[in-house]
Structure formats: structure tokens, C-alpha cells
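Asker: What follows is each chain in one-letter form.
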Amino acid sequence: MAKTINVSNKGATMDTSRRNFLKLGGAGLVVAGLAVAGCREDNYDFPMDGVFDLGTGDVGILNYAYALEQLEADFYTKVVNNFYGGISSVEKQLFIDIYNHEVIHRDFFKAAISGATNMILPKLEFKYDGVDFNSRDSILATSKALEDTGVAAYNGAGKYIKNLDYLVIAGKIVSVEARHASAIRDLINPGSGAFSGDDVIDANGLDVAKEPKDIIMAAGGFIKTPFTWKEQGIG
Amino acid sequence: MNLLNILDRLADDHFYSKIGSRSEGLSHMANFGKKAAITGIPLGLGSFMATSAKAETVTTTSTYSAASAASALTDALQLALTLEYLEDEYYRTGLAKAGLIPGGDKVVFQQISKHETAHVAFLKATLTSLGTEPGAKPEFDFTVNGAFQPFDDYAQFMVLAQAFEDTGVRAYKGQAGNVASNKAVLQAALQIHSVEARHASQVRRMRANKGWVELANGGNMPAATDAVYAGEDNLNQAGYNTSTLFGATAGSASFDEILTGSDAAAIAGLFIV
Numbered sequence: 001m002a003k004t005i006n007v008s009n010k011g012a013t014m015d016t017s018r019r020n021f022l023k024l025g026g027a028g029l030v031v032a033g034l035a036v037a038g039c040r041e042d043n044y045d046f047p048m049d050g051v052f053d054l055g056t057g058d059v060g061i062l063n064y065a066y067a068l069e070q071l072e073a074d075f076y077t078k079v080v081n082n083f084y085g086g087i088s089s090v091e092k093q094l095f096i097d098i099y100n101h102e103v104i105h106r107d108f109f110k111a112a113i114s115g116a117t118n119m120i121l122p123k124l125e126f127k128y129d130g131v132d133f134n135s136r137d138s139i140l141a142t143s144k145a146l147e148d149t150g151v152a153a154y155n156g157a158g159k160y161i162k163n164l165d166y167l168v169i170a171g172k173i174v175s176v177e178a179r180h181a182s183a184i185r186d187l188i189n190p191g192s193g194a195f196s197g198d199d200v201i202d203a204n205g206l207d208v209a210k211e212p213k214d215i216i217m218a219a220g221g222f223i224k225t226p227f228t229w230k231e232q233g234i235g
Numbered sequence: 001m002n003l004l005n006i007l008d009r010l011a012d013d014h015f016y017s018k019i020g021s022r023s024e025g026l027s028h029m030a031n032f033g034k035k036a037a038i039t040g041i042p043l044g045l046g047s048f049m050a051t052s053a054k055a056e057t058v059t060t061t062s063t064y065s066a067a068s069a070a071s072a073l074t075d076a077l078q079l080a081l082t083l084e085y086l087e088d089e090y091y092r093t094g095l096a097k098a099g100l101i102p103g104g105d106k107v108v109f110q111q112i113s114k115h116e117t118a119h120v121a122f123l124k125a126t127l128t129s130l131g132t133e134p135g136a137k138p139e140f141d142f143t144v145n146g147a148f149q150p151f152d153d154y155a156q157f158m159v160l161a162q163a164f165e166d167t168g169v170r171a172y173k174g175q176a177g178n179v180a181s182n183k184a185v186l187q188a189a190l191q192i193h194s195v196e197a198r199h200a201s202q203v204r205r206m207r208a209n210k211g212w213v214e215l216a217n218g219g220n221m222p223a224a225t226d227a228v229y230a231g232e233d234n235l236n237q238a239g240y241n242t243s244t245l246f247g248a249t250a251g252s253a254s255f256d257e258i259l260t261g262s263d264a265a266a267i268a269g270l271f272i273v
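As they're listed, the protein sequences go chains S and U. Using my numbering, read the first sequence as starting at 1 and increasing by one per residue. Using my numbering, read the second sequence as starting at 1 and increasing by one per residue.
Among the hints, erroneous ones may be present.
[Claimed, not checked] Taking lysine to aspartate or glutamate and the DMTMM-like style, the derived pairs with C-alpha atoms no more than 25 Å apart in a straight line are:
hint, chain 1, residue 1, chain 2, residue 2
1, U, Lys137, U, Asp263
2, U, Lys210, U, Asp153
3, U, Lys124, S, Asp198
4, U, Lys210, S, Asp137
5, U, Lys114, S, Asp198
6, S, Lys110, U, Asp233
7, S, Lys92, U, Glu214
8, S, Lys123, S, Glu211
9, U, Lys114, S, Asp199
[As the list claims (entries may be wrong)] Listing some non-contacts, in silico: residues in chain U with all C-beta distances to chain S over 12 Å:
hint, residue
10, Ser65
11, Glu89
12, Ala155
13, Asn217
14, Asp226
15, Ala266
Derived by calculation from the structure, the hints in this document are not laboratory data. For glycine and all other residues, C-beta sits at the position ideal for the given N, C-alpha and C.
When you get a sec, could you build the whole thing from the sequences and use the hints?
Answerer: What follows is the structure, given as C-alpha cells:
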């Protein structure tokens, strides 16, 4: 029995709390039965039912990262094409930079996966039901949630990567996501400890790491195009 | 520097099936350390530096065994511990120096300091659980024989803080392959790595820089810190040219680069008496 990630994120990001973001994303998870034939030995299910599977092994991880980078790139594309009113030049530059980085990450994964396999995730469609692109608070809250989620996703996925070249690449990206998260958090709460706040860093000084299924629940609220990741029990 | 050779060897599936485990929690680290048949030789900083360089330059004629993977793992953790000792002492000293850190910035450095102290404790506990004696804290001289006055000059304090954090990000990244044999340690290292990046971003922004590193330019940093940023202008990621879309500045900033263990140790070594 397979399920499909096909969710709604109504009201998900009006709130600056990451926990609420995650909770709302998770609450939107819809479990729909799909008839997908049983065993497979290759690392990809051709989407006969029209639902893409991320695949197995490193291909699955790369497609997973590609999905998240598609989301971030898509979001910041909308932000920079419609800056909220009264935005400062500093914040404008910051969002343009982050937009550039995320689009580069997205296209990097597209190129890297295409070079290795034809089992590449298609272009996903996203929705931002709860986001007010004219509101600074809403954009910063959503950015914070996306960046923290990106950090937690890479931190949690690293151990599943078999090819250590890919692991190093993931490491090169995750620290940039953490730099983004820190900057966004400081914009929300300037000059405080929020850039690496106690809500994300535990008593051992460790940042959040999340398993793929928890990330999909968090980010799923934005994802319109259904996909599955059977290897990770998603979908 | 044959890091990629080592990475290729570490990527071997047989190696993973023997050493790796996806489900190891940190609570099982002690048992797991025993299983990994670590040689158990306590490594001081001196021996660490020697073995680290060896681990990264191992030639194709040697056999890459579970034992050498285990020593690569603990060597990597010893390097991390050295860097955390350095950061921990640096911030504690800075916070203790009356009048150095302006009141408005104190909360930031208290937060960073708290994390570095936690990292020291965590890494010591991790090494101990792996059957390896954590290296002793070196004696640091943050003035580098009087060249810097970080505890008398806040601007200098900030410069070194940025250099240490940006170095930390690169150093942890550079050790990813060496800790990958133990999935629990790998994840924890990643979780520390992103904290260092959050710190780096914050300190950089307090210095009126961007949170990210553009090209090999640290951002209003003295030439003495050039080694921290050498190679950050790399635009080639697995054959993909990151400058294609938005130019070299954005391309370089979208990926942080690694530092080898020997390069990281050399940077830290500047401050070790």
C-alpha cells in the first residue's frame, strides 16, 4: 500500500513558530491508497500511476534534496519578484542572494542527477496558501521555516548517503542553508541569541536533524505535485 | 592530497556493510565503538596531526582497513576537539574581559560560547565512548606572540571570531568522509557543523559582512586570515559550473568549501603554544 504526499498548508506560515509550521504541515498530510505493483529490484519505479517515486539509494537522496531545493528556489523566486512593501535595501540584497543560492542549488541537483541517471524528479509545483507575500512577517517566518527545515533535512539525510563525494557536496550546501537560517532568524529577532536559538540547538550544542519522513511532513504543505519515496516509507 | 582516493575507498559498499549502521543511535555509540575494533591508543595532539596527514595522503598501495577507518574517525574527532577547545577558551576569555564586548553584543557571544562549551563536552564524551582518550586542551596564545590583541580590541576580537567560525565550518566539512564510517558520529558532526555555520553567519553580519563567503574574500579581513578563505572561490561542483546563472560571486557563495585536516590543524596551530 502506497500513500501520496498531497497536502494543504492552509495558514501554515503566518506564524513565526517553527514548531507550529511543522505541526500544520504534518496535519495536512493526506494518506491516499494507490495501487503500485510490489517488488522492484531497480532503483526507480516508473510512474505508471503518474506519481513519481524518488528512488532508492543515493538517487533517492539526491532527488529528495532536489525536491527541497526546488521548493526553496520557487519560494524565493516569488519573494524577489514581489518584494514586500517597505523592504530595506539590506533585506532586498539578502533575499536576492538567498534566491541566487537556492536557484543554483536547484540547478546543480538537476545537472548532477541528470548526469547520473534519467530517474530525475520532474519540476514540482508548489502552493503557498498561508503565505502573504506582501507581509514582511509572513515572508521572514516562511523563510525561517524553510531554511531550518533544509538544515534539519541535510543533517538527517547525511547518514544515508553512500557515495562520499555526494556527502561532501551535501555538506557544502547545508552550511550555506545554516548561514541563511541564521541571517533570517537575526532579522526576526535582531541582536538576540535567536540565530542559533535554543529552539533549534540542543544542550549538546547540536542542531536539528530530521528524518526524511518528518521533513516531508513539514515541507509537504507547500508541495502540490504528489510523489512517493517508498524506500523511506514516504507516500 | 589524495582525499578523493580515500573517499572512493570509503564509499565501497563492503566497507559500509561491515562498519556502518543506519540505525545506530548516539546512545549505542559506546557499544558500537567496541564493535569497530578501535585500536584504543590514546592520541595526543602531536600524534593526531601526524596520523591525520597520513590518513589523507594514504597511497593506493596500502590497504584501507576497518582499523584505519576507525583511526580516521577518532583522528577527525580529535581535530574537532582541538578546534572546539580553541573556540571555547576564546569566547570564555572574551566574555570574562571587562569592557571588551559591548553590552548589546553580549547575548550573541554568550549563546556562541554556550555551544562551544557543549561541543567540547560532547566530543570528549564521544571519544571516550569510542575507547579513545580525548586529547588534552592545548595551551593557547590568541595574541600569536603579540601580533593580535583580541582581548583589548573588540574589532580584533570580532576578526578572530569570524576566522574561527568560518574555519570551523570548513574543518568539519573536511572531516565528513573520515567520520562517515560511524553513522551516529557522522550525524552528530553534521549537527555541530551547521551550528558553526549559524555562528559564522551571525559574526560575519555583525562585522557588516554578508553571512556567506563570497569568492575567497573573507570580508574586510587581514591578510593573516587568508588561509581561512583560500579556495572558497571554487566554482566547480561535481562538474557543474556554479557561476553560470548569476556569476562567480553568487556561485562561490552558494557552496562552502572544505578544509583538509592538515590545513585546519595548521590554522589552529597558529594559536597553540
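Asker: Once the closest CB in chain S is found, is it more than 12 Å from Ser65/U?
Answerer: holds (17 Å)
Asker: Is it true that the CA of Lys110/S sits at most 25 Å from the CA of Asp233/U?
Answerer: Between Lys110/S and Asp233/U the Cα gap is close to 22 Å, so the pair holds against 25 Å.
Asker: Over 12 Å to the closest beta carbon of chain S is the bar; see if Asn217/U clears it.
Answerer: holds (15 Å)
Asker: Is Lys114/U close enough to Asp198/S, meaning Cα to Cα at most 25 Å?
Answerer: Within the cut-off at roughly 11 Å; holds.
Asker: For the pair we were handed, Lys114/U and Asp199/S, check the Cα-Cα distance against 25 Å.
Answerer: holds (14 Å)
Asker: Is the Cβ of Glu89/U farther than 12 Å from every Cβ of chain S?
Answerer: holds (15 Å)
Asker: Are all C-beta atoms of chain S more than 12 Å from that of Ala266/U?
Answerer: It holds; Ala266/U is separated from chain S by about 20 Å at its closest Cβ, greater than 12 Å.
Asker: Against chain S, does Ala155/U hold up as non-interface, every C-beta pair farther apart than 12 Å?
Answerer: At about 18 Å from chain S, Ala155/U clears the 12 Å cut-off, so the statement holds.
Asker: For the pair supplied as a hint, Lys92/S and Glu214/U, confirm whether the alpha-carbon distance does not exceed 25 Å.
Answerer: holds (17 Å)
Asker: Verify the proposed pairing of Lys123/S with Glu211/S, using a straight-line Cα cut of 25 Å.
Answerer: holds (23 Å)
Asker: If we take the beta carbon of Asp226/U, is the closest beta carbon in chain S still more than 12 Å away?
Answerer: Asp226/U is indeed farther than 12 Å from all Cβ atoms of chain S, at 20 Å.
Asker: Run the distance test for Lys124/U versus Asp198/S: straight-line Cα separation, threshold 25 Å.
Answerer: OK: Lys124/U and Asp198/S at ~22 Å, within 25 Å.
Going through the hint list in order, the structure satisfies each hint without exception.
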